[in-house]
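Chemist: Given chain W, work out where chain P should sit, using these hints.
2 protein chains.
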Amino acid sequence: MYVALAVQSHLIYAIAHKKSALHGRRAKWPSKERPHHIGRRMGLFHSRQRSKSCWSIGMRKKELSLPHVYGLLEPGPVVLLATSMKGRNNVMTLSWHTMVEFEPPTVACVLGNGDYTFSILKKTRECVINIPTLELAPQVVACGNASGRGIDKFEQFGLTAKAATTVAAPIIDECYASLECKVVDTRLVNKYGMFMLEVLKAWVDPSNKNPKTLHHRGNGVFMVAGDTIRLPSHMK
Amino acid sequence: MYVALAVQSHLIYAIAHKKSALHGRRAKWPSKERPHHIGRRMGLFHSRQRSKSCWSIGMRKKELSLPHVYGLLEPGPVVLLATSMKGRNNVMTLSWHTMVEFEPPTVACVLGNGDYTFSILKKTRECVINIPTLELAPQVVACGNASGRGIDKFEQFGLTAKAATTVAAPIIDECYASLECKVVDTRLVNKYGMFMLEVLKAWVDPSNKNPKTLHHRGNGVFMVAGDTIRLPSHMK
Chain W
1 MYVALAVQSH LIYAIAHKKS ALHGRRAKWP SKERPHHIGR RMGLFHSRQR
51 SKSCWSIGMR KKELSLPHVY GLLEPGPVVL LATSMKGRNN VMTLSWHTMV
101 EFEPPTVACV LGNGDYTFSI LKKTRECVIN IPTLELAPQV VACGNASGRG
151 IDKFEQFGLT AKAATTVAAP IIDECYASLE CKVVDTRLVN KYGMFMLEVL
201 KAWVDPSNKN PKTLHHRGNG VFMVAGDTIR LPSHMK
Chain P
1 MYVALAVQSH LIYAIAHKKS ALHGRRAKWP SKERPHHIGR RMGLFHSRQR
51 SKSCWSIGMR KKELSLPHVY GLLEPGPVVL LATSMKGRNN VMTLSWHTMV
101 EFEPPTVACV LGNGDYTFSI LKKTRECVIN IPTLELAPQV VACGNASGRG
151 IDKFEQFGLT AKAATTVAAP IIDECYASLE CKVVDTRLVN KYGMFMLEVL
201 KAWVDPSNKN PKTLHHRGNG VFMVAGDTIR LPSHMK
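Here the protein sequences line up with chains W and P, keeping their order.
Residue numbering for the first sequence is 1 to 236, as defined by our numbering.
Residue numbering for the second sequence is 1 to 236, as defined by our numbering.
For reference, chain W alone in the conformation it holds in the complex (with noise of 0.2 Å):
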């Protein structure tokens, strides 16, 4: 575990940073960041010693006007997914996710009859859909290989749980957008898993224009954000 996460931070550092791992070359680490270094930060290393003041990156969100949610899911990032039931936070990893509606936004998600996540989405009607970006990668991958049955994914992975505003569902710190949500719309759940969400309030954080979100193309393999192009769309 310890072996295939520091080759992964890696990976995602050289990613990040635009280097050659992914060509084989070795990537040149400056001091303060190397792997485990960056393990570390992630709460995923000696998750006991990390301090709470790492954590900074969440509190740079603001309130994201409604009308403007679309954009951010639109694109077809990774979700992790968040609920709380009883006073237990519990996260998974999701994909398969539309807009439905541009205002209240509305947004479709799909899960699996046997993911922990549906039961409690099921009771609860509540969720807060974080958007991780690729610093968050084994994170996203960890949450996704787990249940929350047995275990606190919160706790486990090093991610911070803030209170949201309108719903018990905690806003992950970490990510760089979340979006409280209540299910309004349960016709499709049976046949096809589908809970259809408003989303309530919204929060991102305005200084990454160009969120290196992470797309899924299956098999554990990710698509990585890149450029960002204004074309002279009409499309709303």
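Please keep in mind that the hints were generated in silico from the structure rather than gathered at the bench.
There may be inaccurate statements among the hints.
Claimed, not checked - Under the rule of at most 30 Å between Cα atoms (straight-line distance), these lysine-lysine pairs were calculated in the DSS-like manner:
| # | chain 1 | residue 1 | chain 2 | residue 2 |
| --- | --- | --- | --- | --- |
| 1 | W | LYS191 | P | LYS236 |
| 2 | P | LYS123 | P | LYS201 |
| 3 | W | LYS201 | W | LYS162 |
| 4 | W | LYS209 | W | LYS86 |
| 5 | P | LYS182 | W | LYS191 |
| 6 | P | LYS86 | P | LYS209 |
| 7 | P | LYS162 | W | LYS123 |
| 8 | W | LYS122 | P | LYS236 |
| 9 | P | LYS123 | W | LYS236 |
| 10 | P | LYS86 | P | LYS236 |
| 11 | P | LYS162 | P | LYS123 |
| 12 | P | LYS86 | P | LYS123 |
| 13 | W | LYS122 | P | LYS191 |
| 14 | W | LYS236 | P | LYS122 |
| 15 | P | LYS123 | P | LYS182 |
| 16 | P | LYS86 | P | LYS201 |
| 17 | P | LYS191 | W | LYS182 |
| 18 | P | LYS191 | P | LYS162 |
| 19 | P | LYS209 | W | LYS191 |
| 20 | P | LYS62 | W | LYS236 |
| 21 | P | LYS162 | W | LYS191 |
| 22 | W | LYS201 | W | LYS236 |
| 23 | W | LYS122 | W | LYS182 |
| 24 | W | LYS191 | P | LYS86 |
| 25 | P | LYS191 | W | LYS201 |
| 26 | P | LYS62 | P | LYS191 |
| 27 | P | LYS123 | W | LYS182 |
| 28 | W | LYS209 | P | LYS209 |
| 29 | P | LYS209 | W | LYS123 |
| 30 | W | LYS191 | W | LYS162 |
| 31 | W | LYS191 | P | LYS201 |
| 32 | W | LYS236 | P | LYS191 |
| 33 | W | LYS122 | W | LYS191 |
| 34 | W | LYS236 | W | LYS209 |
Said to hold, decoys possible - Simulated restraints, written as ranges between beta carbons of each label pair:
| # | chain 1 | residue 1 | chain 2 | residue 2 | range |
| --- | --- | --- | --- | --- | --- |
| 35 | P | ARG230 | W | GLY150 | 44 to 54 Å |
| 36 | W | GLY150 | P | ASN145 | 45 to 55 Å |
| 37 | W | GLY112 | P | ALA163 | 49 to 59 Å |
| 38 | P | SER119 | W | SER65 | 25 to 35 Å |
Glycine included, C-beta positions come from ideal geometry on N, C-alpha and C.
Modeler: Using the frame of chain W, we list chain P on its own:
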């Protein structure tokens, strides 16, 4: 229009070749690929002089087994949804879709009820989901800006319609992947504009391992697919 598209072609070339157009520096054009040559190749300028022999990219597509289809749509690319009614083809740009089932591969697509394609899809219950890459950005934008009620978008924007094998709707030859689909559930069409589509046959260019798909962030801002990374995920 000419100037705008020439600028866009310049930008697209720069992105595709990792040049610096986004940062204000002028990219160098190889003599064979100056903007007007790219525009001509795309059929946007001097389209009447364009030779059909230019469009060989789509000929490389091979059949993809249906259990692998989800990996094409799960990253959230902009797609070109092609339909056909009474022998007349149409195509629209669409970002609101999600996988719903692995097998048979089932996709939820959300359309506006004012879209011409909405009415065609309700009547014909067939379509082809075509996935474009960066080179087709001008067509993606043009198809999104125009309605097919008054024009033939294939002719107008230089797209090549090829016969599909299971539906009357066409494959767009220039797209790197195409999914022949039939509508299997219309229960959420009236409320959400959501069509459930089953993929009957899939085609992909196997040589394109890291397709530069487009991902809409809203109001004409697109993220272009970046690097691909492999992580130790157990998720399908």
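Chemist: Hint by hint, note whether the structure agrees.
Modeler: Verification of the hints:
1. W:LYS191 x P:LYS236: Answer holds: LYS191 of chain W to LYS236 of chain P is near 20 Å, not above 30 Å.
2. P:LYS123 x P:LYS201: At roughly 21 Å apart (the allowed maximum being 30 Å), LYS201 of chain P and LYS123 of chain P satisfy the hint.
3. W:LYS201 x W:LYS162: Holds, at roughly 14 Å.
4. W:LYS209 x W:LYS86: Violated. LYS209 of chain W to LYS86 of chain W sits at ~36 Å, over the 30 Å cutoff.
5. P:LYS182 x W:LYS191: holds (18 Å)
6. P:LYS86 x P:LYS209: Not satisfied, since the Cα-Cα distance of roughly 36 Å exceeds 30 Å.
7. P:LYS162 x W:LYS123: Roughly 48 Å separates the two Cα atoms, so the pair is violated.
8. W:LYS122 x P:LYS236: holds (24 Å)
9. P:LYS123 x W:LYS236: The hint holds at about 26 Å.
10. P:LYS86 x P:LYS236: violated (40 Å)
11. P:LYS162 x P:LYS123: With Cα atoms ~21 Å apart, LYS162 of chain P and LYS123 of chain P stay inside 30 Å; holds.
12. P:LYS86 x P:LYS123: Holds, because 11 Å separates the two Cα atoms, which is no more than 30 Å.
13. W:LYS122 x P:LYS191: With a Cα-Cα distance of about 21 Å, the restraint between LYS122 of chain W and LYS191 of chain P holds, given a limit of 30 Å.
14. W:LYS236 x P:LYS122: Holds: LYS236 of chain W and LYS122 of chain P sit about 24 Å apart, inside 30 Å.
15. P:LYS123 x P:LYS182: The given pair, whose Cα atoms are some 12 Å apart, holds under the 30 Å limit.
16. P:LYS86 x P:LYS201: holds (22 Å)
17. P:LYS191 x W:LYS182: holds (18 Å)
18. P:LYS191 x P:LYS162: violated (33 Å)
19. P:LYS209 x W:LYS191: violated (33 Å)
20. P:LYS62 x W:LYS236: violated (34 Å)
21. P:LYS162 x W:LYS191: The given pair, whose Cα atoms are some 34 Å apart, is violated under the 30 Å limit.
22. W:LYS201 x W:LYS236: holds (20 Å)
23. W:LYS122 x W:LYS182: holds (11 Å)
24. W:LYS191 x P:LYS86: violated (33 Å)
25. P:LYS191 x W:LYS201: Given pair LYS191 of chain P, LYS201 of chain W holds - Cα atoms ~23 Å apart, limit 30 Å.
26. P:LYS62 x P:LYS191: violated (37 Å)
27. P:LYS123 x W:LYS182: violated (34 Å)
28. W:LYS209 x P:LYS209: Holds, at roughly 27 Å.
29. P:LYS209 x W:LYS123: violated (42 Å)
30. W:LYS191 x W:LYS162: violated (33 Å)
31. W:LYS191 x P:LYS201: holds (23 Å)
32. W:LYS236 x P:LYS191: Distance of about 20 Å is within 30 Å: holds.
33. W:LYS122 x W:LYS191: Holds - the C-alpha atoms of LYS191 of chain W and LYS122 of chain W are around 14 Å apart, at most 30 Å.
34. W:LYS236 x W:LYS209: holds (18 Å)
35. P:ARG230 x W:GLY150: 44 to 54 Å: violated (27 Å)
36. W:GLY150 x P:ASN145: 45 to 55 Å: holds (52 Å)
37. W:GLY112 x P:ALA163: 49 to 59 Å: violated (37 Å)
38. P:SER119 x W:SER65: 25 to 35 Å: Check passed, 32 Å falls within 25 to 35 Å.
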